[in-house]
Amino acid sequence: MALRPKRKVGVEPRSFVQRAVDNIKMVLVDSKRKRSQAFTFGCVAAVLTILYVLQAFVFQKSHYAHFLPQTHGHYLTEITTSRPLIFPAIENAPILKDLNLRGLHTLRIDIDGNKKYILKEDHQPTSDKEMKEITDNVEVVKRQYLDHGKMVFRKGSESPEIVVVTMIDYDNYDTTTLISVVQNRVDYAQRHRYGLYVRWAQEFIPTIEEQDLAKSYDYIKPLVIRAAMHAFPKAKYFWFLDQNALIMRTDLSLQNHLLDRKILDLAVMKNVPVIKDSNIKTYNHFVTEKAEIVLPRTNDGEIDASSFIVKSGMYGKAFLDYLGDQLIRGYNWPSLSASMAHALQWHPSFLAKTALVVPRTVASVFDPSKPVTENAAVDDFHYIEGDFVASFDGCKARKSCAEDVATFYQQVQK
Amino acid sequence: MSYNMPLDSPYVDEKKKQFNYKRRALQDRLGTFIAEHRKTVLAVFCALFVLFWFGSAQFSLFSRDPKIVLILAVNDGGGVHKWKGEQEWAIERISIQNKRAYAKRHGYGLTIKDLRTAKRYSHEYREGWQKVEILRQTMREFPNAEWFWWLDPETLIMEPQLSLEKHLFKRLDSLSYRILDDFNPLQLPLDIPYVDYSQEPELYITQDCGGFNLGSFFVKNSEWTKLLLDVWWDPVCYEQKHMLWEHREQDALEALYANEPWIREKTAFLPLRSINSFPSGACSEFSDDARYFYSEEDRDFVVNMAGCSFGRDCWGEMQHYGSIMESHAKRWWRRMY
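First to last, the protein sequences are chains A and B. So that you can map any letter, position 394 of the first sequence is 394 in our numbering, and since no number is skipped, the others follow by simple counting. So that you can map any letter, position 54 of the second sequence is 54 in our numbering, and since no number is skipped, the others follow by simple counting.
These are calculated hints, taken from the structure and not from any lab test. It is possible that part of the hints are untrue.
[To be verified] Under the rule of at most 16 angstroms between Cα atoms (straight-line distance), these lysine to aspartate or glutamate pairs were calculated in the EDC-like manner:
1. Lys-67/B to Glu-141/B
2. Lys-290/A to Glu-202/B
3. Lys-155/A to Glu-78/A
4. Lys-67/B to Glu-202/B
5. Lys-215/A to Glu-161/A
6. Lys-226/B to Glu-296/B
7. Lys-281/A to Asp-260/A
8. Lys-120/A to Asp-191/B
9. Lys-234/A to Asp-196/B
Chain A on its own, in the form it takes in the complex:
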């Protein structure tokens, strides 16, 4: 044993403590044992270094695990799907209408008697097996409705480049109309391998303050697109198309029809007032490649919030977050298009990334008082045959939404 001193013969055996102290002295201080000393110190240093490294590693790991939650939507648990067409079961609309928000969501009444629907963020999805065991049809419909918001598309590296987003409303539309509307989107999306994301407008009521659907309907649009961005994290463009609109030319792809740089260059309106009589004009030196928000501007000088495209970039997301901020959303706007116009007029960073385009590209408005035949001598705002989209903006006032959808859906089917 190199470390232990040779005991001299004849010396009285000393106490254990004394021997230990002598041993330590020998190992650490004795000048004759430089090699073993170096070895000992080396060992100690190495152990300390390893401990330090391990500790830093462990600490850092726990640090991140603790601090950074996963990105999630309104619900904490999500259902992944590999089908790029996400839409609810439309045939449930009458049952949902009967159930109403009272039956579907939790109503909380506070001390002052204010009633408010709330969303249970930790609501757990029902598995297929459980769903089969439920015999009550109404309960199945309710569970399907609550689980629909949890659907997200995740499939390796594959992702559609464009997602069509639509929000539907079971209170004010009958099932036939809704089926036509959704089927139209499904046909279009399938043909061009796009994604589709359809949500009930009512699903978002518990997440907002003004819980009257008629008042809030417009302001839910940015929330739906944001949810679509979460459901399709790798998609590039999100095209919001209102339920009062049909895609009339399912053969046109959005990339070739509008988003191609050269075509967008032609469609973009430069140096025009953002809204009628505004002093703020769109930029003359607008860079089309950098556009992240594409909004049609109507002939009356308003922004058409029934059909528009948002890119999934920093500016696009910020624009939607801004419009969906409860302070902005809760302001007394006449319409969503007014709040968009406000965003563009007050925040030049948004304006610099926004392409205001001619409405015929994605939002030709159908007006029953005007001829719709091709080559009809109408402005470039109203729908004529051959246009990409027919929007029935104003059909609520005419009370002809269902009728309009039915007539035009027949034309698409031809």
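Using the hints provided, position chain B relative to the given structure of chain A.
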């Protein structure tokens, strides 16, 4: 013929002639040189002219823009309510001197911004919003800077030997926190949908007992920051909240953080004492909470005498911390004097 004999005139003339000739020849030679190399000379002239006109700084190979720029706001408050006194001038001088020495020592940029407009409108709402304008202006001034460090006038850098890289940037990951689960004085929502925490933070702020504190914060020079500065002030939000938002831009940022995921995902927090320690007078209702207050033993980096002009003694505090800093900077050999 003696050597003392004066030179004969023909010889002198000849010499003069030679001399003149030579002189003329110099000009001639220069003239011919220019004539021969007309284009080169023109080019050199143009280059010199351009250098003179646009300043040499932009063309020099060795000039390096600072990566970190300190923004020091001075001349705030006061206005018609309160005149700026002798002591306030002194405080401002000490504060500027402190930052200037620090920036020089570590090669950072320093820009001193006058909040005179704030002073002019001190009884109106515009006061705090100048911060946003100044940040934008500074970003234009220093397009190549990476980080901006905003500092209020009543701050002192207590450990000027520490560089920001060493003190902060090398250990940002372990020092900063993104979720407010430990310390959330405002009771902001902990988790909102769509926040992607895998993003690198671009705004580092601190929280004091009353919420966000923007007396000392770091912001990155980026597109995101520009958009934030653009969205920060919005008349629609402000119209609804101007009675409640006592701290103007601070409250607005809190609201943005609470509601908008694109802002939350790039915001991170630093412990107050890492860049923004308080004196014992501030946050006095929490005087037993060590998270807020400057500690001499721990050698806290910066002290911010936040709110000292509201009923506290700014000058006294400045002197107190100034003397602490001096005692730290004292070297052992000084004792011999």
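Structure-based check of each hint:
This hinted pair checks out: Lys-67/B and Glu-141/B have alpha carbons roughly 13 angstroms apart, not beyond 16 angstroms. With a C-alpha separation of about 22 angstroms, the suggested pairing of Lys-290/A with Glu-202/B is violated against the 16 angstroms cut-off. Under the criterion of a C-alpha separation no larger than 16 angstroms, the hint pairing Lys-155/A with Glu-78/A is consistent with the structure, at around 14 angstroms. Restraint check for Lys-67/B and Glu-202/B: the C-alpha separation of about 15 angstroms stays at or below 16 angstroms, so the hint holds.
For the given pair, Lys-215/A sits about 33 angstroms from Glu-161/A by alpha-carbon distance, which is inconsistent with the 16 angstroms threshold. With a CA separation close to 37 angstroms, the supplied pair Lys-226/B and Glu-296/B exceeds the 16 angstroms bound. Of the supplied pair hints, the one linking Lys-281/A and Asp-260/A is violated, its CA atoms being roughly 24 angstroms apart against a limit of 16 angstroms. At roughly 14 angstroms between alpha-carbon atoms, Lys-120/A and Asp-191/B fall within 16 angstroms of each other, so this suggested pair holds.
Note on Lys-234/A and Asp-196/B: the hinted pairing holds, with a Cα-Cα distance of about 14 angstroms set against a maximum of 16 angstroms.
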